[in-house]
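Enquirer: Note that the protein sequences, when read in sequence, are chains A and B. For the first sequence, the residue numbers in this note's numbering are 63 to 173. For the second sequence, the residue numbers in this note's numbering are 106 to 218.
Just so you know, these hints were derived from the structure itself, not from any lab. A quick note: this is a predicted structure, and the numbers were derived from the prediction, not measured. Beta carbons are placed, not taken as given, at the ideal position from N, Cα and C, and that holds for glycine. Heads up, some of the hints might be wrong.
Claimed, not checked - Pairwise CB distance ranges (calculated):
| id | chain 1 | residue 1 | chain 2 | residue 2 | range |
| --- | --- | --- | --- | --- | --- |
| 1 | A | V146 | B | Q146 | 11 to 21 Å |
| 2 | B | N156 | A | G121 | 32 to 42 Å |
| 3 | B | R114 | A | T168 | 16 to 26 Å |
| 4 | B | S163 | A | A114 | 26 to 36 Å |
| 5 | B | L175 | A | E103 | 26 to 36 Å |
| 6 | B | E173 | A | S139 | 25 to 35 Å |
| 7 | B | N156 | A | E116 | 39 to 49 Å |
Stated by the list, open to error - Stretches of chain A that chain B covers, calculated by requiring three or more beta carbons in the stretch to come under 8 Å of a beta carbon on chain B:
| id | stretch |
| --- | --- |
| 8 | 117-130 |
| 9 | 145-155 |
| 10 | 163-170 |
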Amino acid sequence: GQQLNQSPQSMFIQEGEDVSMNCTSSSIFNTWLWYKQDPGEGPVLLIALYKAGELTSNGRLTAQFGITRKDSFLNISASIPSDVGIYFCAGRTGANSKLTFGKGITLSVRP
Amino acid sequence: EAGVAQSPRYKIIEKRQSVAFWCNPISGHATLYWYQQILGQGPKLLIQFQNNGVVDDSQLPKDRFSAERLKGVDSTLKIQPAKLEDSAVYLCASSLDLGVAQYFGPGTRLTVT
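Bound conformation, chain A alone (with noise of 0.2 Å):
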């Protein structure tokens, strides 16, 4: 089946730094999407993609759907405590496919 990798599992960094994260698959996907998830809660979305090539902001966070749609990054700016959380990528190969999960990764933001 499909995997997406996530990597590192916990990354930690200063307030007011920038984090980029990216997620790799084994497929060829047509939508990428990014969720944060806090504890206790449902994952919210961030930003949605569906075009290679893509790049979308939303406010301090923007993101990339990959040329060779195996791949995504999400950038963070000017990190604030309140980035703390898990970040899932989570992508599909086709409008009838599921969305697939990676195993998300913990940012901690250090004041």
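Chain B: place on chain A using the hints.
Expert: This is chain B only, laid out in the frame that chain A set:
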């Protein structure tokens, strides 16, 4: 706009008991999903509905799990009988249609003892 609603938020049961979870999707969303999230992992799809029809239930353990969305709006997920390994967060999500972004509810944390 109200988000995806789920209840209960927490449930503790003993193994071999049964349990049911309820989900109300975002108004107008045709597609509804149930996911299982085990600690330290990403959500795994259990079942996907398009209106009141099942699109994908290939990863649903059908010997003990069942789900329905009779009127194409609310949905229930049932586990009977529960096993220890069913301890997880059960997330409901909805989307406007197939192939577009999914929005998640807060989840139900199930503990089976």
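Enquirer: Each hint needs a verdict: does it hold in this structure or not?
Expert: Verification of the supplied hints:
1. V146(A) - Q146(B): 11 to 21 Å: holds, 19 Å
2. N156(B) - G121(A): 32 to 42 Å: Taking Cβ atoms as reference, N156(B) and G121(A) lie about 34 Å apart, which means the hint holds.
3. R114(B) - T168(A): 16 to 26 Å: holds, 22 Å
4. S163(B) - A114(A): 26 to 36 Å: With Cβ atoms ~27 Å apart, the hint holds.
5. L175(B) - E103(A): 26 to 36 Å: holds, 28 Å
6. E173(B) - S139(A): 25 to 35 Å: Given range 25 to 35 Å: violated, Cβ gap about 45 Å.
7. N156(B) - E116(A): 39 to 49 Å: violated, 29 Å
8. 117-130: As far as the stretch 117-130 of chain A goes, the hint is violated, because 0 residues have Cβ atoms under 8 Å from chain B.
9. 145-155: holds (count 3)
10. 163-170: holds (count 4)
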